[in-house]
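Undergrad: Sequence:
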Amino acid sequence: VQLQASGGGLVQAGGSLRLSCAASGTTSRTDVMAWYRQAPGKSREYVASTVNYSDTNYADTVKGRFTISRDNNINTVYLQMNSLKPEDTAVYYCKATRRSGVVYWGQGTQVTVSS
Numbered sequence: 013v014q015l016q017a018s019g020g021g022l023v024q025a026g027g028s029l030r031l032s033c034a035a036s037g038t039t040s041r042t043d044v045m046a047w048y049r050q051a052p053g054k055s056r057e058y059v060a061s062t063v064n065y066s067d068t069n070y071a072d073t074v075k076g077r078f079t080i081s082r083d084n085n086i087n088t089v090y091l092q093m094n095s096l097k098p099e100d101t102a103v104y105y106c107k108a109t110r111r112s113g114v115v116y117w118g119q120g121t122q123v124t125v126s127s
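This note's numbering puts the first residue of the sequence shown at 13, with every later residue one more than the last.
Bear in mind the hints are in silico, worked out from the structure with no lab data behind them. Among these hints, one or two may not hold up.
[Claimed, not checked] Here are the simulated distance ranges between beta carbons:
#: 1; residue 1: 127; residue 2: 36; range: 28 to 38 Å
#: 2; residue 1: 22; residue 2: 81; range: 36 to 46 Å
#: 3; residue 1: 85; residue 2: 54; range: 34 to 44 Å
#: 4; residue 1: 16; residue 2: 51; range: 17 to 27 Å
Given the structure is predicted, the values throughout are model-derived calculations rather than measurements. Virtual Cβ for every residue (Gly too), placed ideally from N, Cα, C.
Modelling step: build the complete structure from the supplied sequences, incorporating the hints.
TA: What follows is the structure, encoded as structure tokens:
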């Protein structure tokens, strides 16, 4: 499985962006699809995840502002980011975890939020 993340960019505080992660190859609704982010000088951190069609989880820092969703018909996971803050600035990565435990990472997309 290869993951291609896109949709990042520069946005003012309070604005919105939608990230996409397109998966090539065979995927399953039981794959845990997640978004992580890494800010300069910091460790990569969990943002949100989804499994099956409706199970979602979020980091406390983004809860209520970000929404993760997936379209299994086109093997794509989205991250809708609203009310963006400068502290959301980071490279965002998508991750797929198979039930077997095998993990795949995308290449990352830069999100910059100006104050």
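Undergrad: Determine for every hint whether it applies to the structure shown.
TA: Evaluation of the provided hints:
1. 127 to 36: 28 to 38 Å: About 37 Å separates the Cβ atoms of residue 127 and residue 36, which means 28 to 38 Å holds.
2. 22 to 81: 36 to 46 Å: 23 Å, violated
3. 85 to 54: 34 to 44 Å: Given range 34 to 44 Å: holds, Cβ gap about 35 Å.
4. 16 to 51: 17 to 27 Å: Holds, since residue 16 and residue 51 (Cβ atoms, about 22 Å apart) stay within the stated range.
Against the hints set out earlier in the document, a violation occurs for number 2 only.
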